[in-house]
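Asker: Listed below are the residues making up each chain.
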Amino acid sequence: MSQTFTIDGRVIPFEIGQTVMQAASQAGIYIPHLCYHPAFKPNGSCKLCTVKVNGRQSASCTLRAQSGMVVESDTEEINAERRTLTQMLFVEGNHFCPSCEKSGHCQLQATAYHLGMMSPHFDHFFPDRAVDASHPDILLDFNRCILCSLCVQASREVDKKQVFALSGRGIGTHLIVNARSGRLADTDFSLADKAAQVCPVGVILKKRTGFAVPIGQRTYDQQPISAPGKVAEEIRHD
Amino acid sequence: MIEPRKKIKVATTSLAGCFGCHMSLLDIDQRLFTLLEHIEFDRSPLTDIKNCSPDCDIGIVEGGLCNTENIHVLREFRRNCKILIALGACAINGGLPAQRNHWPLAVLLEEVYHTSPGPANGMIPNDPELPLPLDRVHPIHEVVHVDYAIPGCPPSGDAIWKVLTDLLAGREPELGHGLLHYD
Ligand code: SF4
Ligand code: SF4
Ligand code: FES
Chain A
1 MSQTFTIDGR
11 VIPFEIGQTV
21 MQAASQAGIY
31 IPHLCYHPAF
41 KPNGSCKLCT
51 VKVNGRQSAS
61 CTLRAQSGMV
71 VESDTEEINA
81 ERRTLTQMLF
91 VEGNHFCPSC
101 EKSGHCQLQA
111 TAYHLGMMSP
121 HFDHFFPDRA
131 VDASHPDILL
141 DFNRCILCSL
151 CVQASREVDK
161 KQVFALSGRG
171 IGTHLIVNAR
181 SGRLADTDFS
191 LADKAAQVCP
201 VGVILKKRTG
211 FAVPIGQRTY
221 DQQPISAPGK
231 VAEEIRHD
Chain B
1 MIEPRKKIKV
11 ATTSLAGCFG
21 CHMSLLDIDQ
31 RLFTLLEHIE
41 FDRSPLTDIK
51 NCSPDCDIGI
61 VEGGLCNTEN
71 IHVLREFRRN
81 CKILIALGAC
91 AINGGLPAQR
101 NHWPLAVLLE
111 EVYHTSPGPA
121 NGMIPNDPEL
131 PLPLDRVHPI
141 HEVVHVDYAI
151 PGCPPSGDAI
161 WKVLTDLLAG
171 REPELGHGLL
181 HYD
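Top to bottom, those sequences are chains A and B.
201 is the number that the working numbering gives to position 201 of the first sequence; each next residue is one higher, with no gaps.
54 is the number that the working numbering gives to position 54 of the second sequence; each next residue is one higher, with no gaps.
Accuracy of the hints is not assured; some may be wrong.
Unchecked claim - So these bits of chain B aren't anywhere near chain A, every CB distance computed over 10 Å: (1) 89; (2) 138; (3) 166.
Stated by the list, open to error - A few chain B residues that face chain A, going by a derived Cβ cut-off under 8 Å, partial list only: (4) 83; (5) 97; (6) 151.
None of these hints come from the bench; they were simulated from the model.
Every residue gets a Cβ at the ideal spot worked out from N, C-alpha and C, and that includes glycine.
Just chain B, same shape as in the assembly (with noise of 0.2 Å):
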């Protein structure tokens, strides 16, 4: 009997995004039944398991870095994947979350919290679960090394399947004209 040929596990998430990038990922549209027939996802929002598995092939990763959790599980994610893609312009270069860059975080805080009238009563949120901010927000290959990048606000449904399907096929991954763009 010839064995079932092993699927690729591939694990996603979204730390400083909006998760545009994931709609994209769906955007794949009937395609993704083609790609599952090679691929299963680990962590990822789609599955909601809560950690990597240790012997993840490819972990996509969509958002930048803007508090200490982010940092986690982006941590988590370079350890047991042996392929790490940052998808979007937020994990490549910080994105719109990163033009909070030129402000300190005390003036963010008191901006959201003490001057714009909302449900926090003046009150600046300090439960000890919260993760806690970083004075700025970091594309990810500050922090951990990144194998290749999907550029794009979000990347196309296309661009995302080129990528997989070259890396699939033993390809280098290549974003010709029209799939790659930084917008």
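Excised from the complex, chain A in its bound form (with noise of 0.2 Å):
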């Protein structure tokens, strides 16, 4: 028999061994976040996904399901912190969505839509990051990295590549390509790498394919991140 605890009063049946984020996408209750991916290890840096468990504050994507706890998820304060580090990502990159091809297909964007982000409150750092085009098939924006390093684990570990490395600490950490030249068309890349399809925002791009569906249609302007069937599902628009 399985074991239960409550997310915002309704109870979630797991298994042992589960995380909070697991079992609550598995009965179908979106918890914000954008550094979870099903298919890797949770590496909890983001925390979008914080929920107040008992009255303390945790990553729900990396805590371990346990019988009887008692999970707040969905309340105004919880989701109001998570706004304010979805306005922290906006302004430390240059997230300029009406130019990027991920735009309606962005899951930072998508999110910040759920949380009802209206503006970006704080100070634009406007960084200088560089784009690399150097790859015949796919265009990388460094502008828009949020530093998730799913596309690191998914290089390392379903790829067994390695193309990807975060590099640097603090606000200095940069996501770096695995080449002596640090460019992408001087690794093995490729289109069908999982590396290449991971990417939550407007990074990791394949080229030619950019702005073919119209505003209006696209992934989260038809449906809203939290629709149901969206929480564990792998989002790719190409």
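Both chains are given apart, each in its own frame, so use the hints to dock them into the complex.
Answerer: Dropping the structure here:
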């Protein structure tokens, strides 16, 4: 017999070893998340999935479910903190959604919609970050990287290639390409790689497909990110 | 005799924007007539009044800040409007114009007036009447307090209508799925 805990008063069954996030998505409950992907070991870096458990805050993607836990998730207090996190992600990078190929298919944007983010609130960093267009099939626009490290995991664990890595510390952390030149063209990266598909924002983009779907018909124009079935789904738009 | 209810005074302006957001304002279509039963336009491209009246209720600002004139106008709006609304991506995060922020201003002026062919005859315009460009384009909330934002590039007429009618009805403005978008 499976055990249970509650999220916002709803009883959620779970198997021993499951995280709160896994049990919640299985039960069709959406907890906002950006660095969690069902295919990979959670790395707990974005903190968007923060919930309150027995009065204490914790990342639900790394927290193991325990019988009798009382989890608060969809509350004004926690959503306000999640909104602040998304605002920070927006001002730390250069997110000009109207000119971004990922717009409408982007999980950062859709999460911000879900949280009702109306403005970035903080001062913009407008950081200087390069674009790498060297690869024949793939464009890298580092301006939008939120350091979720999903591409690092996918390349290492699924593709067995180690094309990407995070380098630097604190605000200086950035994504690098594992080649002497630092250019994607000088790696064995390919469009068929898992790492080419996992980016939740518009960094790793397939060339010659951008803006193929008109505004209004894109993934999250059709349904909000919290829609049932969207939760554990891997988002692809090509 | 019942006194006619005082109309809400609305001022609008475009700073470093393309007037696309004002076009969306017109996309409110025939509902503009309903709106005009409740509001009157003060300073706005629609009226061509040059300065805000000191008693405006709502100021709607399109576009970010790319020169000193923009800052001047924005401060006038903040001083004279009880509620200030940032309308569209440029006002909210600098939008397209802010994509120049990665190049030094001198390089940009060189490129526009020296390198590219054009009518300027190799001269960087320096008439004292011209407002000085800022080294970076800024969203408006970095200079004045902004009360509400309507995202979008541009926001739809429906989104603008929703926020204005919410405010007129005394509700906290809210944009749900489909109306809230950043592109
Ligand atoms: S990655 Fe997402 S949030 Fe960033 S600019 Fe693109 S659409 Fe907008
Ligand atoms: S490139 Fe994309 S997948 Fe990789 S760390 Fe940045 S945001 Fe995450
Ligand atoms: S999804 Fe849990 S920390 Fe990012």
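Asker: Each hint needs a verdict: does it hold in this structure or not?
Answerer: Each hint, compared with the structure:
1. At the 10 Å boundary, the C-beta of residue 89 of chain B falls inside the reach of chain A, the nearest C-beta of that chain being 6 Å off.
2. For residue 138 of chain B, the non-interface assignment is contradicted: its Cβ lies about 8 Å from the closest Cβ of chain A, within the 10 Å cut-off.
3. Every CB of chain A is more than 10 Å from the CB of residue 166 of chain B (nearest about 12 Å), matching its label as outside the interface.
4. Annotation: interface hint on residue 83 of chain B violated; nearest CB of chain A at approximately 14 Å, more than 8 Å.
5. Restraint check, residue 97 of chain B versus chain A: the minimum CB separation of about 10 Å is more than 8 Å; hint violated.
6. Taken as an interface hint, residue 151 of chain B checks out: its beta carbon lies about 6 Å from the nearest beta carbon of chain A, inside 8 Å.
Going down the numbered hints, you'll see the structure goes against 1, 2, 4, 5, while the others check out.
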